[in-house]
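**Student:** Chain by chain, the residues:
Number of protein chains: 2
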Amino acid sequence: MSAENAFRIDVDASPETGGPYPVLLRQGILGSLPAVVQQSVAAHRWAVVADHTVARLHGERLLDAMREAGLETQLFAFPPGEAQKTRATWAVLTDELLERGYGRDSAVVTLGGGVVGDLGGFLAATFLRGVPCVQIPTTLLAMIDAAIGGKTGIDVPAGKNLVGVIRQPRLVLVDPDVLATLPDVEFRNGLAEAVKHGAIADASYLDWMVEQRQAILARDADAVAGLIRRSIEIKAGMVAADAAEAGPRALLNFGHTIAHAIERVSGFVVPHGQAVAMGMVVEARIGEMIGVTRGGTADRLCAALEAVGLPTTLPGRYGETGDLLEATRSDKKVRASRVRYALIAESGRPARSADGDWTIAVADADVLRAAKLGSTTISRDETDI
Amino acid sequence: MSAENAFRIDVDASPETGGPYPVLLRQGILGSLPAVVQQSVAAHRWAVVADHTVARLHGERLLDAMREAGLETQLFAFPPGEAQKTRATWAVLTDELLERGYGRDSAVVTLGGGVVGDLGGFLAATFLRGVPCVQIPTTLLAMIDAAIGGKTGIDVPAGKNLVGVIRQPRLVLVDPDVLATLPDVEFRNGLAEAVKHGAIADASYLDWMVEQRQAILARDADAVAGLIRRSIEIKAGMVAADAAEAGPRALLNFGHTIAHAIERVSGFVVPHGQAVAMGMVVEARIGEMIGVTRGGTADRLCAALEAVGLPTTLPGRYGETGDLLEATRSDKKVRASRVRYALIAESGRPARSADGDWTIAVADADVLRAAKLGSTTISRDETDI
Numbered sequence: 000m001s002a003e004n005a006f007r008i009d010v011d012a013s014p015e016t017g018g019p020y021p022v023l024l025r026q027g028i029l030g031s032l033p034a035v036v037q038q039s040v041a042a043h044r045w046a047v048v049a050d051h052t053v054a055r056l057h058g059e060r061l062l063d064a065m066r067e068a069g070l071e072t073q074l075f076a077f078p079p080g081e082a083q084k085t086r087a088t089w090a091v092l093t094d095e096l097l098e099r100g101y102g103r104d105s106a107v108v109t110l111g112g113g114v115v116g117d118l119g120g121f122l123a124a125t126f127l128r129g130v131p132c133v134q135i136p137t138t139l140l141a142m143i144d145a146a147i148g149g150k151t152g153i154d155v156p157a158g159k160n161l162v163g164v165i166r167q168p169r170l171v172l173v174d175p176d177v178l179a180t181l182p183d184v185e186f187r188n189g190l191a192e193a194v195k196h197g198a199i200a201d202a203s204y205l206d207w208m209v210e211q212r213q214a215i216l217a218r219d220a221d222a223v224a225g226l227i228r229r230s231i232e233i234k235a236g237m238v239a240a241d242a243a244e245a246g247p248r249a250l251l252n253f254g255h256t257i258a259h260a261i262e263r264v265s266g267f268v269v270p271h272g273q274a275v276a277m278g279m280v281v282e283a284r285i286g287e288m289i290g291v292t293r294g295g296t297a298d299r300l301c302a303a304l305e306a307v308g309l310p311t312t313l314p315g316r317y318g319e320t321g322d323l324l325e326a327t328r329s330d331k332k333v334r335a336s337r338v339r340y341a342l343i344a345e346s347g348r349p350a351r352s353a354d355g356d357w358t359i360a361v362a363d364a365d366v367l368r369a370a371k372l373g374s375t376t377i378s379r380d381e382t383d384i
Numbered sequence: 000m001s002a003e004n005a006f007r008i009d010v011d012a013s014p015e016t017g018g019p020y021p022v023l024l025r026q027g028i029l030g031s032l033p034a035v036v037q038q039s040v041a042a043h044r045w046a047v048v049a050d051h052t053v054a055r056l057h058g059e060r061l062l063d064a065m066r067e068a069g070l071e072t073q074l075f076a077f078p079p080g081e082a083q084k085t086r087a088t089w090a091v092l093t094d095e096l097l098e099r100g101y102g103r104d105s106a107v108v109t110l111g112g113g114v115v116g117d118l119g120g121f122l123a124a125t126f127l128r129g130v131p132c133v134q135i136p137t138t139l140l141a142m143i144d145a146a147i148g149g150k151t152g153i154d155v156p157a158g159k160n161l162v163g164v165i166r167q168p169r170l171v172l173v174d175p176d177v178l179a180t181l182p183d184v185e186f187r188n189g190l191a192e193a194v195k196h197g198a199i200a201d202a203s204y205l206d207w208m209v210e211q212r213q214a215i216l217a218r219d220a221d222a223v224a225g226l227i228r229r230s231i232e233i234k235a236g237m238v239a240a241d242a243a244e245a246g247p248r249a250l251l252n253f254g255h256t257i258a259h260a261i262e263r264v265s266g267f268v269v270p271h272g273q274a275v276a277m278g279m280v281v282e283a284r285i286g287e288m289i290g291v292t293r294g295g296t297a298d299r300l301c302a303a304l305e306a307v308g309l310p311t312t313l314p315g316r317y318g319e320t321g322d323l324l325e326a327t328r329s330d331k332k333v334r335a336s337r338v339r340y341a342l343i344a345e346s347g348r349p350a351r352s353a354d355g356d357w358t359i360a361v362a363d364a365d366v367l368r369a370a371k372l373g374s375t376t377i378s379r380d381e382t383d384i
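These protein sequences, in sequence, are chains A and B. First residue of the first sequence: 0, per numbering that gives the first Met the number 0; consecutive thereafter. First residue of the second sequence: 0, per numbering that gives the first Met the number 0; consecutive thereafter.
Errors might be hidden in some of the hints.
Listing some non-contacts, in silico: residues in chain A with all C-beta distances to chain B over 10 Å [said to hold, decoys possible]:
(1) GLY18
(2) ALA202
(3) ALA326
Below, in silico cross-link-like pairs of lysine to any residue (SDA-like), each with a Cα-Cα straight-line distance of 25 Å or less [unchecked claim]:
(4) B:LYS159 x A:THR311
(5) A:LYS159 x A:LEU181
(6) A:LYS371 x B:LEU181
(7) A:LYS159 x A:ARG103
(8) B:LYS159 x A:LEU181
(9) A:LYS159 x B:THR88
(10) A:LYS159 x A:THR88
(11) A:LYS159 x B:LYS159
Which residues of chain A face chain B? A few of them, derived with a C-beta cut under 8 Å, are [said to hold, decoys possible]:
(12) ASN4
(13) GLU15
(14) VAL91
(15) GLU95
(16) LEU97
(17) GLY163
(18) ARG348
Everything labelled a hint here was simulated from the structure, so no lab data went into it. Glycine included, C-beta positions come from ideal geometry on N, C-alpha and C.
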């Protein structure tokens with residue numbers, strides 16, 4: 000990675016969610032952590048929250064650096080996996096912090112993927128009515144998505160992320176070095192969100208990804224840094240415009256209503272990125288069907304997704320039953336009991352409803368038809384019906 | 000109560016905690032609830048949170064009014080008492096709301112005292128990353144203290160209110176009619192906070208309470224409305240100045256470090272108001288001892304507290320052992336492992352530390368000496384030592 004790949008993006012988040020904060024990317028920035036965090040956060044005790052896997056890979060290095068700099072730092076680790084993103088884990092972490100004497104002068108550092116970021120962010124937001132949080136995402140998905148925007152949350156039996164708050168971190172640190180240990184399926188989870196950023200905001204970014212597909216998949220440092228930068232810029236722009244998610248931030252849900260339904264119907268066996276990839280295709284087809292999305296958009300999206308190794312067709316059984324449809328109903332985006340979708344007008348440009356809304360209510364029949372279309376091989380002619 | 004006792008106070012809370020909102024007081028305002036809440040909150044479903052006692056006393060009336068106005072409203076009730084202010088009750092309420100199909104278009108109405116306000120406020124703040132909250136306090140304490148300022152929270156094994164967020168309600172409605180059913184001990188809990196408001200911000204308010212003591216204790220409508228109004232004004236002023244509690248809001252903790260310790264040492268048998276009354280006297284004596292508080296202030300405070308029927312001396316055993324001191328250490332206000340107190344310079348005027356801080360670090364020996372003094376009958380001469 001060349002030196003000019005180090006960058007800083009300021010997220011101009013609204014005051015009601017915690018105000019502006021910087022995202023810093025630099026290769027090896029984990030090693031200079033103490034100096035960087037102390038500039039942004041005045042705290043006397045630091046709680047590093049991580050799962051056991053990430054703690055083993057990067058935790059000791061980080062703790063050593065903090066302690067060498069004279070910062071009182073302890074590790075709070077728990078087993079890996081989405082199954083840990085619960086009220087129970089949050090309660091255990093809270094009680095452990097209290098037991099070890101953490102007070103209002105402490106700060107939480109989350110080191111990990113989306114689960115750790117969401118859970119650790121919620122911990123920081125609710126501990127003694129809120130202590131500062133520094134997010135250090137270690138997956139591509141968390142770097143370009145979960146760590147930016149202040150969404151924190153935990154899962155409950157009724158669904159994912161149904162409990163939480165929106166509260167910005169004080170600082171986000173991205174060290175692309177940590178991606179070296181990221182499994183391929185996790186890396187592609189991140190790429191699905193990058194494609195989404197292109198789809199909702201920047202068609203040329205989508206084209207760039209297709210061009211750079213080999214470098215991206217080979218995790219070439221320049222290509223990866225370029226991708227992280229552009230994706231964070233797009234997400235940060237939407238967060239700034241609308242931190243409370245009343246308006247344009249809803250666009251970030253493109254593909255996600257169907258994706259969440261796919262994850263639910265599969266018993267959370269389908270990885271998030273694959274579900275988002277399939278979800279975007281189905282939602283683009285929904286848009287084409289109801290005349291909101293320009294014809295050919297779904298196919299263009301398919302090409303981009305396939306270029307970076309992501310699936311574009313649903314396993315047959317998802318499109319053939321009403322299960323998927325039923326699963327969309329338990330999504331948070333149900334408003335006044337109708338399911339609304341964030342759709343695009345064409346690649347790189349969002350759609351708006353007739354009354355200017357950022358989401359569009361869709362009839363069940365259209366959802367089902369798009370899912371069925373998406374679950375078989377589609378010829379160009381059929382798509383344009 | 001005369002018509003001019005109906006009033007509106009705007010709490011100019013900072014954006015990062017949720018922004019400004021009105022407090023409305025009017026006799027019988029519960030009956031006109033639907034019109035009032037609809038003006039401030041756009042929601043399709045309303046969840047009224049209350050304990051069984053308050054639900055029985057006022058819940059049905061409120062629900063009937065909401066339903067007659069065509070608002071979809073349901074009651075979510077739980078057993079009364081501080082023992083319910085837990086993560087478990089919060090989890091049950093969250094899951095019940097989800098089960099009954101509450102989505103982002105819903106709002107939470109808390110109907111009750113501090114426990115319900117704190118717990119219901121935390122529920123609203125964390126449900127689907129936050130839905131609007133309307134606070135309807137039914138105790139004097141909640142009307143003038145807990146419902147104003149956006150503090151929400153629950154208790155954990157390590158202590159009270161150690162988990163929560165600061166998030167302002169959209170609206171606070173005070174109907175003094177509901178005080179008719181309030182037990183005397185609860186009414187006096189509220190009076191202790193009113194005395195505190197006088198002690199930290201307005202000596203003439205303290206004098207007024209002494210003058211009006213008979214009318215206040217007889218719950219004369221004019222006297223009670225006057226007291227609620229002045230106390231809310233004082234609290235609202237401090238919330239506006241400092242919603243995140245970094246500065247002057249700390250003054251609201253006057254008397255509370257010792258009060259929390261008394262409650263803890265007593266196994267939470269001493270009612271909060273009595274603990275606060277005793278705590279203020281001890282903390283005033285601490286201030287006099289270390290030269291921060293003008294001599295005679297503690298005695299003046301005693302006179303005001305006694306006028307409204309509140310205790311001013313600690314049961315002997317509290318002052319004689321180190322238990323009380325130990326209990327102050329687990330308070331949230333411990334910063335960098337030193338116990339800091341919000342003290343007053345004299346009646347109606349706060350004290351500042353040498354470096355301008357709103358709290359002052361106190362040596363254990365001084366705390367212990369003041370507690371010992373406060374636990375025996377003190378003559379004027381001894382106090383002035």
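**Student:** All hints, please: hold or fail.
**Tutor:** Tested hints:
At roughly 7 Å, the least C-beta separation between A:GLY18 and chain B is not larger than 10 Å, which violates its mark as non-interface. No beta-carbon of chain B is positioned within 10 Å of the beta-carbon of A:ALA202; the least distance is around 31 Å. Under the 10 Å C-beta cut-off, the non-interface status given to A:ALA326 relative to chain B holds; the minimum distance is some 15 Å. Our distance criterion of 25 Å between C-alpha atoms is broken by B:LYS159 and A:THR311, whose separation comes to about 51 Å.
In summary, the hint linking A:LYS159 to A:LEU181 is supported, as the alpha carbons are separated by about 23 Å, within the 25 Å threshold. As the CA atoms of A:LYS371 and B:LEU181 are separated by approximately 62 Å, the hinted pair breaks the 25 Å bound. Distance restraint check for A:LYS159 and A:ARG103: the Cα-Cα separation of roughly 29 Å exceeds the 25 Å cut-off, and the hinted pair is therefore not satisfied. For the hint pairing B:LYS159 with A:LEU181, the CA-to-CA distance comes to about 41 Å; that exceeds 25 Å, so the pair is violated.
Between A:LYS159 and B:THR88, the direct Cα distance comes to roughly 20 Å. Compliance with the 25 Å bound is thereby established for this hinted pair. With a C-alpha separation of about 15 Å, the suggested pair A:LYS159 and A:THR88 falls inside the 25 Å cut-off, and the hint holds. For the suggested pair A:LYS159 and B:LYS159, the alpha carbons sit about 28 Å apart, so the restraint of at most 25 Å is broken. About 33 Å separates the beta-carbon of A:ASN4 from the nearest beta-carbon of chain B, more than 8 Å, and the hint is not met.
Checking A:GLU15 against chain B by beta carbon gives a least distance of about 5 Å; that is within 8 Å, so the hint holds. Annotation: A:VAL91 was flagged as interfacial toward chain B, and the flag is violated, the nearest CB pair being 11 Å apart, outside 8 Å. Hint on A:GLU95 is violated. Least Cβ distance to chain B is approximately 10 Å, over the 8 Å limit. Satisfaction of the interface hint for A:LEU97 is found here, the shortest Cβ-Cβ separation to chain B being roughly 4 Å, below the 8 Å cut-off.
Given the 8 Å rule on beta carbons, the hint for A:GLY163 holds: about 5 Å separates it from the nearest Cβ of chain B. Taking 8 Å as the C-beta contact cut-off toward chain B, the hint placing A:ARG348 at the interface is violated, the least distance being around 26 Å.
Violated hints for the displayed structure, listed by number in ascending order: 1, 4, 6, 7, 8, 11, 12, 14, 15 and 18.
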